[in-house]
Amino acid sequence: MNENKVAVFRKEHFNAAHRLFNPAWDDRRNADVFGKCSNPHYHGHNYELIVRVVGVPDPDTGYVMDMKVLSKIITEEVLDRFDHKNLNLDTTYFRDLNPTAENIAVVIYTLLRARIENKFDLKVKLYETERNFVEYPA
Amino acid sequence: MVYLTRLEHFNAAHKLFNPAWSREKNEDVFGKCANDNWHGHNYELYVTVKGEPNPDTGFLFDVKRLSAIIKEHVTEQLDHKNLNLDVEFMKDKMCSTENLAIAIWQQLLPHIPPEITLHAVKLYETPRIYVEYFGL
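Line order of the protein sequences matches chains S and A. Numbered by our numbering, the letters in the first sequence go through residues 33 to 170 in order. Numbered by our numbering, the letters in the second sequence go through residues -1 to 134 in order.
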């Protein structure tokens, strides 16, 4: 019953510091590739996160998913871990993974996927700045 | 009198932390903004100048020159930096949006040409939080 599927979206935000850095490369190569994003003292962003859940509205409630529940899951899985944090230093996910918007989106998707029933399609869109944003899965 | 505004932006890390206070007091006052390892923002900076349009050009001021002044004296020193550690003009100051707006005003003022007047610095830390400074 594909025709009855509806996409619902929840928007959240978090503010975090990060640095793009590949430890396998020397400082010069990091600076060449990542430019000012590699500043050793970090920089930061207001990240905007849009989570898209697709499913058939429940006949009893009319909801695809209760948005309060979705918001709570995002808060617990993402905001509590990332908001007002240093993504490189204060989280476990980017010890060996460069915290690009791409990789952050994949990590967020994986965290949320584990909490959202498989009958729902899930997609995340992450804005690093107003003009730079990524989407996963593509 | 006409007011002309130029919007620039920069991304930076910072933390709110008063070294004269204990960790507990810092956390009480600044909450998660006191996180040891920093956090960060996409700052949006609105610089407003005022004056009379030049009769020959119709311009109050060449906005490309205004942009160049803001870039040279403000955003190039702030963009992709740690405001607490990397920025000379924020040294020994608390890195609040209020203090940053005042410091930006002070950075700009000596470079504003005599034919115009600096009117306002409006600084957004997030889309929902901003401060304004008028030099008073």
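Rather than coming from a laboratory, the hints here were simulated on the basis of the structure. Do not rely on the hints blindly, as some may be mistaken.
[Claimed, not checked] Over the 10 Å line for every Cβ pair with chain S, so calculated as not near, a few chain A residues:
(1) N16
(2) C31
(3) N33
(4) W36
(5) P53
(6) D77
(7) K79
(8) L83
(9) D84
(10) S94
(11) N97
(12) I100
(13) L107
(14) H109
(15) P112
(16) P125
[What the hints assert, rightly or not] Partner residues are not named here, just some residues of chain A that face chain S (Cβ under 10 Å, in silico):
(17) H39
(18) W103
(19) Q105
Idealized CB from N, CA, C, for every residue including glycine.
Hint check, failures only: Numbers 2, 3, 4, 6, 7, 8, 9, 16, 18 and 19, in rising order.
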